[in-house]
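Residue numbers (full-length UniProt numbering), protein chains in the order written: chain A, 1 to 493; chain B, 1 to 461.
Only true hints are included.
Subject to a maximum C-alpha distance of 30 Å in a straight line, what follows is the list of computed DSBU-like cross-link-like pairs (lysine-lysine):
| no. | chain 1 | residue 1 | chain 2 | residue 2 |
| --- | --- | --- | --- | --- |
| 1 | B | Lys387 | A | Lys311 |
| 2 | B | Lys319 | A | Lys311 |
| 3 | A | Lys237 | A | Lys260 |
Taking CB as the label site, the calculated pair distances span:
| no. | chain 1 | residue 1 | chain 2 | residue 2 | range |
| --- | --- | --- | --- | --- | --- |
| 4 | B | Val3 | A | Ser380 | 41 to 51 Å |
| 5 | B | Val3 | A | Met387 | 50 to 60 Å |
| 6 | B | Asp7 | A | Arg420 | 52 to 62 Å |
| 7 | B | Ala371 | A | Met387 | 27 to 37 Å |
| 8 | A | His452 | B | Ala371 | 53 to 63 Å |
| 9 | B | Asp410 | A | Met387 | 27 to 37 Å |
Hints in this document: simulated from the structure, not taken from any laboratory. Beta carbons: idealized from backbone N, C-alpha and C, even for Gly.
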Amino acid sequence: MAESIQQILTLSSELHNSRSLSKNDEDRHIYELVAVLRRSSHSILGEISLTNLSASEHTLPFLFALLYQVDLVRNRTGSSLPNDIEPGGWLWLRAVQFLGSFNGSQVSHVGREWCQLVQVFLFVAENTSKPFLAVRVLSKAILRMNRTQNTFDPLHPGFLRLCLLSKAYRYAIPILDRQISILPSSSESRDRSDYMPGSDDHAADRKSEATSTHGQLTHKDVAQYYLYGAMIYMALKEWDKAEHWLIIVISLPVANSVSKIMVEAFKKWVVVSLLKHGKIATPPRIISSHVMKIYQTVAKPYLSLADAFEKCDEQRLHNEVKLGRPVWRADLNLGLVDQLFEAYNLSLVLKLGRAFSALTTANVAEKASSSLNSAIRVESYVASLAMSGVLEARLLHLRVGQNSTMLRFPASMRSCAARRNGLRVELMDRGQALEVLSRGIRECNTDLGMGHESIDLVMKRQGWSAIMKNGMTKVNADDVVLGVEEDIMGDVS
Amino acid sequence: MSVHAQDPPKFELESYIANYTGRTRYNRLYVIGTCSSYLAVEALKAAVAEAKSGKDVIRYERAVRALAEVAPNDPEATLDTHWVDHMQKVVKAETDRLEHELKGYKNNLIKESIRMGNEDLGQHYHLIGDLTSASKAYSRMRDYCTTPTHIVSMLFKIINVAIERGDWLSVQSNVHRLRHLQTKQDEQAKVQPKLSTAMGLSQLHSGSYLDAANSFLNTDPGLGDSYTEVLTSNDVAVYGGICALASMDRDELQRRVLDNNSFRNFLELEPHIRRAIAFFCNSKFRSCLEILEAYKADYLLDIHLQRHVHTLFTRIRTKSIQQYLIPFSRVTLDSMSKMFAPGTGTGTGTDSGQQSPPIDLTSPFVQELIALIQDGTLDARIDLEHKVLIANQVDLRTEVQEAVLDSLADYVREAHIRMLRTNIVRAGLEVRVDDKPREMRSKRSDGHGSATLSRGSGLFQ
Chain A
1 MAESIQQILT LSSELHNSRS LSKNDEDRHI YELVAVLRRS SHSILGEISL TNLSASEHTL
61 PFLFALLYQV DLVRNRTGSS LPNDIEPGGW LWLRAVQFLG SFNGSQVSHV GREWCQLVQV
121 FLFVAENTSK PFLAVRVLSK AILRMNRTQN TFDPLHPGFL RLCLLSKAYR YAIPILDRQI
181 SILPSSSESR DRSDYMPGSD DHAADRKSEA TSTHGQLTHK DVAQYYLYGA MIYMALKEWD
241 KAEHWLIIVI SLPVANSVSK IMVEAFKKWV VVSLLKHGKI ATPPRIISSH VMKIYQTVAK
301 PYLSLADAFE KCDEQRLHNE VKLGRPVWRA DLNLGLVDQL FEAYNLSLVL KLGRAFSALT
361 TANVAEKASS SLNSAIRVES YVASLAMSGV LEARLLHLRV GQNSTMLRFP ASMRSCAARR
421 NGLRVELMDR GQALEVLSRG IRECNTDLGM GHESIDLVMK RQGWSAIMKN GMTKVNADDV
481 VLGVEEDIMG DVS
Chain B
1 MSVHAQDPPK FELESYIANY TGRTRYNRLY VIGTCSSYLA VEALKAAVAE AKSGKDVIRY
61 ERAVRALAEV APNDPEATLD THWVDHMQKV VKAETDRLEH ELKGYKNNLI KESIRMGNED
121 LGQHYHLIGD LTSASKAYSR MRDYCTTPTH IVSMLFKIIN VAIERGDWLS VQSNVHRLRH
181 LQTKQDEQAK VQPKLSTAMG LSQLHSGSYL DAANSFLNTD PGLGDSYTEV LTSNDVAVYG
241 GICALASMDR DELQRRVLDN NSFRNFLELE PHIRRAIAFF CNSKFRSCLE ILEAYKADYL
301 LDIHLQRHVH TLFTRIRTKS IQQYLIPFSR VTLDSMSKMF APGTGTGTGT DSGQQSPPID
361 LTSPFVQELI ALIQDGTLDA RIDLEHKVLI ANQVDLRTEV QEAVLDSLAD YVREAHIRML
421 RTNIVRAGLE VRVDDKPREM RSKRSDGHGS ATLSRGSGLF Q
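For reference, chain B alone in the conformation it holds in the complex (with noise of 0.2 Å):
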């Protein structure tokens, strides 16, 4: 994994990851032990200890090597070879006992049977970290549901695999099943918030952080305690909350962010992600700035975060410079990287850097600004000069009309080319591979060569 965090997180490993349940708790140990130089030791060794209490054989080897690694002294980082054993042969044995006890239901053919005997299969299989034969026997139950509380238990199984798994079409696939379940109004509720944060998480992972927003924005606060086998209701603010700072603008954060009565509660349990939205709608960026910095160690620690972190801040980042730009004609670089790049450069002390500005083409500010400013993004130019950025005049009437212009001169040069098109057509000449064009030419060489001679008796005769 390419994420690594040298920073220690705010986050203190034993109560954070006491929020947790089931099988994501090891997951997210061995993120932090192989993502986090602070913590490695620490998550990893629980990490050991969490794989040898249930029945993954693998999780555990996993977690042993990385251990070997980081500490390679340590008794942990030793394979307990008796313990492999001895889980393997029970996982055989509990794997033949429940395919034939599924066999015998089937010859049964009682439908409840069979749905259990798939539910325990699939459980199973989850269990020992056998994540496509889960999903299997999961999908199996289908036919055998009779009740919608079934089904419903059943997408929730296929979902949570698929989390795991990180096949975030399947989630989305399945939580837009369960939406469109005729359930009743209270078990709906009792849905409503889970689907959100699972549909909010494929949305993170596929990149599209609005809609990430939205549905954990969406999410009821009756989520509480839970759906900690994927996640906790901090998770949901801290995503919810970064995924709108990175996609809203100023108007919209403080109407469905801050104003928002059902995700205050979230945001409750994370102040400085609330603090954070609002210093940012009160344009206060560098404080928010600040503050998403402090934090980003626990960011890069998330199992889910961790890949978007880089993108999402940069979003933040660039968003903030261009609201910082909007009432300026012209600003000067001190002042904005006094705003935005506090620390580099020598003049953006506290009052000293006014009159010898060390801003100059080299400098990362500088170089961030070029960058966002080539790809279109600020419209503005940078004054070396007087050390200065000054937005683009627009003259809308010159742009229209030299947009008119270039419209005008590509239509004539489409069509001229498409006319000439239907022309070579219909006289026959397009390029094909024939003897006849090669008759032709050999017809047509008269004029450089004696053939003149033939045609010329021909023609006076």
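The following block holds chain A by itself, in its conformation from the complex (with noise of 0.2 Å):
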């Protein structure tokens, strides 16, 4: 027995130390050193001392010992929340000081275990209501895990979950921003590895298992992972980016239903998209009429309270607000809906400053919502848009001991060069999505050129020209038939 766990350990330090193996090397070892762990009986796993093990050194052992401990102490307390667990907890310690420092490279052949540690981690954090000590821990391992790939992890959703549950925006940001483009199937690796006569055994297999965990993808997971990203970006303010993520949500494949969580990102849409166009924006042409005519349905009041807004009627917009506050109470959206009177001020602003060049504030006073009836207030509203630069316009106070101030809308207030420089900053910003989406483009093209469909569809083409040759013997062959027949009938005539 002791010799197994030194000869797990010697493995592991080997492939820690082996700095100098080439890729198929390091994988073959670490498969070696799966098998083993797998095979290991509990035993062996128990004798494994967590506390003298170094999580970087000795990863994988690591990961197998610290799952074995968490069920052995969930088994022997009957709970799944054992006092060890919790955060503060001789477990909760380890699992903190392994997701800090493991090595990524060697976690990603053992997928399935990652999950279930990352799971156990995300269900402690949940139910100790205590989110916020997960977070930090868990960005960093995410990230580490997968540096280089924008693949969809059933992670995800979790985690962004507990971001928003524990408030800790920020923490999302770094994950949000990777353009996930890859979406694991188990069947598609399978697939690949039947039509890859030279691919050698150990690669199909990590493949396979890489993906055996995300074969319990289900659509729910996608759908939660982009609403939640809208919410957080909806948290930050960041309407724009809010809006793209709640449109992959709305917009999402249908086979025969609209999910409900499609719905209520649809809800949340129409809302984004008037706090930040002030109308709402045009529907993608991707998703199909029924669907929208199932949105349309179910999410009147939210499509009432658009049109109030839409149409500049202040009374009309407050009377829709106070006759759905159940609604928007019951829909989570209440924090949402309440910045509408804001906006509402600003896009009446923004409007008069389309139509005017220049006009008192006692003016807008006249054209503004109630809760800019003064020039006063209008005046320090104003100012206070002009301040965070939202609103390009200037404000000249006309005599002195006088209320009434002249607000001007300037052509463009900015220089040249910051015009210009804004622009290049914007174009940079822009060829950067540019490269990450091409890229994905090539990935996703290999994939559907090496995919099930592509394949038997170049089979049949090969087949094809079997079939024509066929063909042509055929139809030469009647040739022949009817040349006797005609033969037969000129012996008759």
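Combine the two chains into a complex, taking the hints into account.
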């Protein structure tokens, strides 16, 4: 038994120290170690002492031993939340230690165990109402786990949920900013290994191992991930991104029905769209009409709210908000809807800026909502907007002792150089986004090329040529027969 | 009918209605009677008389009812039941007779007789106001027409009934049919003006004013008094001129209306339209609008024009404001309001309004300008500090750059969504109502409960 532990630790140290190994050799070593660990009996894993083991050096043994200990403690106490696992407990501390220093490339070979650990971690953090303790650790761990990948992980939604619960939105940003474009499917990887006769067994096994956890992925996970992401962007008031993420959810492909998450996302999208544009943006064409109809029937209060907002009917807007209060509360959109009043004022002032180049604040007060009904209020509101850079405007006090102030909307206050600079920065941003996108498209293209359907198509085409050949010979044969028949007829005649 | 004209019109009712023949006389009188407060009694009395001279009982009843509303004490406002009963009997007998005759013709299988029988029946139905049956009877003539002249006369009858019914699609389709008919050159020349006007009317009613203007402009002056059962040459001048004013720019108006030799004949009949167009071409917008305003009451009482007067006038006014602004980069609101809103505000007088402009946010002209700016018709902004309207300076370079960046952002967003969609479909993660995901979810709930234990024990066996 001692030998086995020794063997495991030796293998693990070799793996840790062997920097000169080729990728294939390293994979082979990891595979061996994982095989040994999976074969190991309970007692061997129980023998591994977590306190003396370094998580960075012996990542895999540490992970297996940790999971074993978690199960052991849970079995012993008969509770899914024993004290040892709770924040501050010794197993929690070990888990934190592991998540802080594990070797990402090794862990990527044991997706199932990794998922298990993180799920336990998420479960504990959420159920002990201490989500913040897990957020920071997990954020770094997830980043380390797939540093270069843009693959969807079923743990992502859970992590985002934790961020939302703990209101630690910034920790989610690095993960959200990666444009996810790959959604693993177990069947696909198997297909691909079937079609790759040259691929070595280890690689194929590793792939199926890595995706085995993803086999349980459902549409709910994907929808949840994007909805949570959008909610985080909403909390940070990044309406642009929030809108994009919500559009992803509402335009998810549907086979026969619309999910409740999509309906929730549509409701939020209506409000976010109002907050950002001052009107409902045109929904993407990719959404089929029957889905759109479902949304429109289910989200009627939101659409009528949007109608009041778009028509600048302040009284109706107030009434709609008031009447729909139970609806907003039930949908957890009350905070979002309450922001509409401010957005209403802003869109009103921006609208005035498009029609006027100068007018007095008293004039604005005449046209503005009830919250801006005096010139002084308008002045302070416009001043705050101008200071925060939302509005390009200048205020001029006309005469001393007079309340009225002239509000000017110059054509452009930014200098030519500043404008160019802004454009350059924006261009670079867009260029980067385009690059990420084209990388995703290339990967997608390769995957599609190696996919089941594509290969079937190629085979069919090859088969087609064979059929063509057969067809030709058949035609020739027919000709021959016809010729014979003609001859026969000739004889008769 | 929602249109109502308070002001007295410029025309004299008797001479106006004398220009028309046929059923349109009653229709026009009825419209004037119900829409004008000034001519109501006179027109409705004439309408009652007109209806009584015909066979259409329903029209008579309607005219009497309308008259009773306006002048309840008038002796003509009571229904002549004797006449009504008598006429109903006459009509019934006539209908039966004609239908019986037609049946006889059909039995004899003589094409020409059947055609004439249908024509008589159609004419009868038209006279008694049963337009649907008239249209059907005329349509039934089609199979029995033997010469192109028959077809032309049949189609014209259908068109006339369709105009009265307001079935503008039918008018258009029948006009097209007539156009493609192979007829002699001189016959074609005779038919052309009527066709153009019928087409113009249908386009006017469907709101395509430019097409309507083109149709009226192409009408041959040979129309004369040949189509008085629908409209007169004066009407062609008015409809064509106003539609052209509302839909063409100054250059086109000059070239295609004022310099148009054939249309000049029509314009001579209505010199004020010619003057209005000439003023518009010479940028004297105020005079142009004043003329149109002066004749507005007339147009509001025109059976075909009344529903479009408001839209057409708004378009002409908007176009005038747009044209007026072209040479200016900034223009005072005062001078604009003198041009386009005389009589509003105190400073719009002749010379005193220079130093104290009364224009502010509440004045209707400013409100009109704001509406025009907000719907994107005017590319300008109002400066209430200096009371001027400033044309927006367009920096094309920046605009293009911004447009490029926007389209790039749109492209990235759209492509991301589509790529994700492809991958979702490929991974089999479409949203569907199945038991499958539910099973998976129940399996997946491991991390959130004691299910980990069972799984864990399986894992380490």
